[in-house]
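**Student:** The sequence shown begins at 0 in numbering that gives the first Met the number 0 and counts up by one.
These aren't lab readings, by the way, just hints derived from the structure by calculation. Be aware that one or more of the hints could be misleading.
[What the hints assert, rightly or not] Calculated cross-link-like contacts (lysine to any residue; reagent style SDA-like; alpha-carbon spacing at most 20 Å):
hint, residue 1, residue 2
1, 220, 174
2, 198, 215
3, 1, 79
4, 1, 236
5, 45, 24
6, 45, 188
7, 208, 234
8, 75, 24
9, 198, 248
[Stated by the list, open to error] Taking CB as the label site, the calculated pair distances span:
hint, residue 1, residue 2, range
10, 98, 57, 18 to 24 Å
11, 132, 210, 25 to 31 Å
12, 210, 62, 19 to 25 Å
13, 175, 62, 47 to 53 Å
14, 96, 169, 25 to 31 Å
Each residue gets a CB set at the ideal place from its N, CA and C atoms; glycine is no exception.
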Amino acid sequence: MKGKIALVTGGSRGIGLAIATTLAQRGAQVTVTGRDPAHGEEGLAKLRAIDPGAAFEAGEAGDHASMSAIVERTVKRCGGIDILVSAGAAGPVGPTPFAEMSAEQIQASVNARLYPRIFPVHAALPALRARGGGSVIMITTDAARHPTPGESVIGAVGAAIVLMTKGLAREFSRWNIRVNGVALTLTSETPGWDRIFSKPGFENRLFSKALERFPQGRAPKADEVAEVAAFLASDAASQVTGQTLSVNGGLSFGGW
0 MKGKIALVTG GSRGIGLAIA TTLAQRGAQV TVTGRDPAHG EEGLAKLRAI
50 DPGAAFEAGE AGDHASMSAI VERTVKRCGG IDILVSAGAA GPVGPTPFAE
100 MSAEQIQASV NARLYPRIFP VHAALPALRA RGGGSVIMIT TDAARHPTPG
150 ESVIGAVGAA IVLMTKGLAR EFSRWNIRVN GVALTLTSET PGWDRIFSKP
200 GFENRLFSKA LERFPQGRAP KADEVAEVAA FLASDAASQV TGQTLSVNGG
250 LSFGGW
């Protein structure tokens with residue numbers, strides 16, 4: 000990936016940072032975004048140990064104007080964008096039974112999980128086209144394909160991302176831009192993992208049950224997810240587009 004320029008939204012920590020790190024290790028010049036400057040600077044310090052040209056941009060992935068400004072600054076600083084990883088989204092409500100959600104929580108959950116995924120793609124498209132092609136990676140959830148208690152809204156938004164991945168792959172093919180997705184269930188060595196298992200409650204019970212059902216006996220690690228995303232972003236996947244790959248250690252074999 001030497002000479003490639005990557006923009007990773009939600010890349011200041013967790014899975015986004017793991018993906019950004021893997022891209023940097025393979026030679027890409029990486030810019031990561033996030034809402035929290037403190038997390039951004041912490042993540043950037045790790046990235047710059049690999050890529051001295053790495054940068055952090057504070058902004059909101061769910062705000063189109065914010066993303067457009069970040070794209071503009073990235074293009075000005077780096078010369079373009081070849082790879083976009085859309086990983087920045089955090090819902091205000093985690094897994095919750097639908098009947099227990101308020102109307103406001105439902106709307107907030109949809110807004111916080113949908114727009115932060117698709118606005119970065121729309122904002123970065125002109126830059127990708129200007130490079131004569133590129134790769135887009137959308138991070139989503141396996142709840143999009145396997146009904147999971149408490150994740151009806153999360154799964155519905157994820158399903159929209161899976162279908163949009165296919166639709167955009169078809170639309171963008173005329174510009175030599177590939178669009179693929181990576182679907183997750185439960186990933187260790189992330190802030191989300193720590194949050195889930197740090198306190199009792201519905202989410203803890205839900206994912207504790209999932210942990211017992213991983214065919215390989217453990218959940219995937221963040222760097223294992225990153226390897227798949229990096230493959231899809233690379234020229235090695237030049238004939239792969241419109242696909243969403245699950246990285247869940249086989250958990251979805253029989254549902255749960």
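**Student:** For each hint, tell me whether it holds in the structure or not.
**Tutor:** Here is what the structure says about each hint:
| no. | hint | result |
| --- | --- | --- |
| 1 | 220 / 174 | violated (34 Å) |
| 2 | 198 / 215 | violated (25 Å) |
| 3 | 1 / 79 | holds (14 Å) |
| 4 | 1 / 236 | holds (16 Å) |
| 5 | 45 / 24 | holds (11 Å) |
| 6 | 45 / 188 | holds (16 Å) |
| 7 | 208 / 234 | violated (38 Å) |
| 8 | 75 / 24 | violated (23 Å) |
| 9 | 198 / 248 | violated (25 Å) |
| 10 | 98 / 57: 18 to 24 Å | violated (37 Å) |
| 11 | 132 / 210: 25 to 31 Å | violated (40 Å) |
| 12 | 210 / 62: 19 to 25 Å | violated (35 Å) |
| 13 | 175 / 62: 47 to 53 Å | violated (28 Å) |
| 14 | 96 / 169: 25 to 31 Å | violated (36 Å) |
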